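Q: Top line first, the protein sequences correspond to chains A and B.
Following the working numbering, the numbering of the first sequence begins with 1 at its first residue and continues without gaps.
Following the working numbering, the numbering of the second sequence begins with 1 at its first residue and continues without gaps.
Hints are not guaranteed to be accurate.
Stated by the list, open to error - DSSO-like, lysine-lysine: derived pairs with alpha carbons at most 27 angstroms apart:
1. Lys186/B - Lys298/A
2. Lys136/B - Lys159/B
3. Lys204/A - Lys260/B
4. Lys134/B - Lys298/A
5. Lys162/B - Lys136/B
6. Lys298/A - Lys258/B
7. Lys137/B - Lys159/B
Stated by the list, open to error - Heads up, incomplete: computed chain B residues facing chain A, CB under 7 angstroms, no partners named:
8. Phe116
9. Ala127
10. Ser163
11. Tyr165
Source of the hints: derived by calculation from the structure; they are not laboratory data.
From a predicted model like this one, the values you see are computed outputs, not experimental measurements.
The C-beta atom is built at its ideal place from N, Cα and C for all residues, glycine as well.
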Amino acid sequence: MKSLQKHQLERVGKSLTGFCIAVVILVVGSLVVMVAQRGLSAFAVDGVDLWGFLSGVTWNPHQPDASGAPTVGALPMIFGSFAVTLLSCLFVIPFALGSAIYTVEVNPKFGNTVFRPALELLVGIPSVVFGLVGLTIVVPWIRGWSGGTGYGILAGSLVLAVMVLPTVTSLIIDALNAVPAAYRMSSSALGGTRWQNTWHIVLKAATPGILTAIILGMARAFGEALAVQMVIGNAATIPDSLVSPAATLTSVLTTSMGNEAMGTVYNDVLWSLALILLLMSLVFILIVHIIGNRSEVKHG
Amino acid sequence: MMQITERDTRGAAVEAEMREPVLATHDVGVRYDETKVALSGVNLEFAAGEVTSLIGPSGCGKSTFLRCLNLMNREIPHCHIDGEIVYDGHNINTPDENLYELRQSIGMVFQIPNPFRKSIRDNITFAPRCHGIKDKKRLDEIVETSLVKAALWDEVKDKLDKSAYALSGGQRQRLCIARTLAMNPKVVLMDEPCSALDPIATFSIEDTIGQIAGEGISVIIVTHNIEQAARISDKTAYFLLGEVVEWGDTDAVFSDPKDKRTQDYLTGRFG
């Protein structure tokens with residue numbers, strides 16, 4: 001076969017890569033549309049009140065309330081999801097930041113040969129294993145001192161923290177490594193101590209990257225289902241303490257999705273929960289982009 | 001060219017003779033991994049208010065020598081500094097020398113302008129803050145005087161809180177100089193400060209160097225640009241293969257080099 005002309009080759013390349021893009025966009029787009037369609041049909045078709053859904057505290061889709069509408073207050077799950085996400089991040093941030101600083105600024109040799117491989121190992125562990133460990137170690141431990149069942153937001157947050165830690169730490173390490181060595185050199189030349197250089201120069205320069213790492217960690221925590229479901233207790237109520245059973249959007253989805261027929265009210269409101277998850281991850285991604293753009297505008 | 005150097009040097013040279021050097025090296029050498037010798041037997045003296053150029057071909061050890069003077073080589077693993085570096089009457093090349101205090105007195109400007117990712121003001125206040133100055137008014141004074149000394153004040157006085165990266169290359173380098181001056185150093189080391197800059201920016205830096213020297217600071221500059229050395233410096237040291245071949249008043253070195261190798265380099269026969 002005669003070899004392709006240069007301009008033809010150009011066109012082939014363009015259409016091939018363009019096709020790949022189109023497929024990906026189509027998949028993402030139809031996914032969003034489908035979840036939105038299903039999730040919104042609870043409000044449009046089944047007559048669920050949106051405000052009641054977002055603020056109601058009773059979750060009992062099989063049991064119509066006094067007016068005949070299904071009792072689908074999702075606030076306990078929304079609260080649960082945010083609570084485990086924020087709490088796990090509180091646990092993660094100091095350890096991730098500290099170990100990343102140690103890896104990059106204090107002892108890169110140990111950090112790169114021992115610590116990073118260990119982190120990567122942690123990433124590879126399936127979430128069900130984290131859930132199992134949580135179930136056999138964390139829950140009994142909490143039960144031991146709290147007196148309750150041990151299931152709850154605290155258990156969920158601890159398990160999530162361990163799961164999210166490697167992602168956040170790796171991303172922070174990358175962010176610190178991306179700070180030009182010249183910054184460290186010149187701040188040492190100005191007589192700054194290692195601590196001053198790290199705190200005022202390196203961390204400051206890496207702030208957008210560190211924030212991105214934390215947000216991505218939060219997104220992962222928000223969306224994690226299995227491990228959380230195993231240790232949170234799955235009671236769709238707003239818990240009165242960190243150590244009493246609760247539920248998250250994801251845990252309700254995984255426990256109920258298989259049991260309800262497509263098209264029922266119950267099934268539709270589950271899709272609404274999924275829609276909330278999707279919207280939240282959109283928000284997280286948006287925040288990451290805003291952070292990136294803002295630092296670019298500021299420092300070029 | 002020669003006229004400018006003569007005018008600049010005469011006064012300074014006379015003064016320098018009367019003055020003790022601020023910084024002197026005795027038999028300074030540098031080894032990597034204990035065996036690889038990068039520099040040996042350097043004996044130089046630097047007086048206040050004097051600009052000294054370190055010239056020589058690439059890899060001759062001039063930057064390595066410069067990095068000895070504020071012990072920056074200590075930041076490099078497996079790098080060992082030999083000999084005595086006498087600053088302020090005592091040898092600083094000792095294990096218990098306080099690097100943080102030393103580097104307040106001996107500042108350094110690097111080849112690539114590398115302001116921190118901070119505002120112009122914060123770039124300058126970083127060092128004074130590190131060394132314990134917290135008073136806002138005092139810091140504002142430092143910002144102004146340092147920028148004035150670095151000949152940058154008029155260009156940036158209205159945008160002190162803007163990012164340092166909003167500045168041009170030459171302005172960034174002058175900001176780095178101002179950042180160093182904020183500590184009131186006695187000596188400023190410059191490692192090819194103009195090599196990443198265009199001719200106009202280079203000219204402004206050279207102007208700034210003259211002003212700093214006028215303030216009584218000893219400026220030691222590594223440069224690849226022989227004309228620059230002739231233009232701005234009172235003394236010149238020629239490095240070759242890790243040794244100082246010739247050292248003396250700039251006009252003497254340039255007009256009447258004692259060593260054949262210096263002559264070859266200056267006339268462009270190699271390097």
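Q: Taking the hints in turn, state whether each one holds.
A: For each hint, the structure was consulted:
1. Distance restraint check for lysine 186/B and lysine 298/A: the Cα-Cα separation of roughly 34 angstroms exceeds the 27 angstroms cut-off, and the hinted pair is therefore not satisfied.
2. Distance check on the hinted pair: lysine 136/B and lysine 159/B sit about 18 angstroms apart at the alpha-carbon level, within 27 angstroms; holds.
3. Of the pairs offered as hints, the one joining lysine 204/A and lysine 260/B is violated, with about 52 angstroms between alpha carbons and a cut-off of 27 angstroms exceeded.
4. For the given pair, lysine 134/B sits about 26 angstroms from lysine 298/A by alpha-carbon distance, which is consistent with the 27 angstroms threshold.
5. For a cut-off of 27 angstroms, the pair hint linking lysine 162/B to lysine 136/B stands: about 18 angstroms separates their Cα positions.
6. Only pairs whose Cα atoms come within 27 angstroms are accepted, and lysine 298/A paired with lysine 258/B is rejected, the gap being roughly 53 angstroms.
7. A threshold of 27 angstroms between alpha carbons decides the hint, and for lysine 137/B with lysine 159/B the separation of about 18 angstroms falls inside it, so the pair holds.
8. Checking phenylalanine 116/B against chain A by beta carbon gives a least distance of about 5 angstroms; that is within 7 angstroms, so the hint holds.
9. The criterion of a C-beta within 7 angstroms of any C-beta in chain A is met by alanine 127/B, whose closest approach is roughly 4 angstroms, and the hint holds.
10. Taken as an interface hint, serine 163/B checks out: its beta carbon lies about 5 angstroms from the nearest beta carbon of chain A, inside 7 angstroms.
11. Look at tyrosine 165/B: its Cβ gets to within about 4 angstroms of chain A, closer than 7 angstroms, so that hint holds up.
Violated hints, in rising order: 1, 3 and 6; the structure is consistent with all others.
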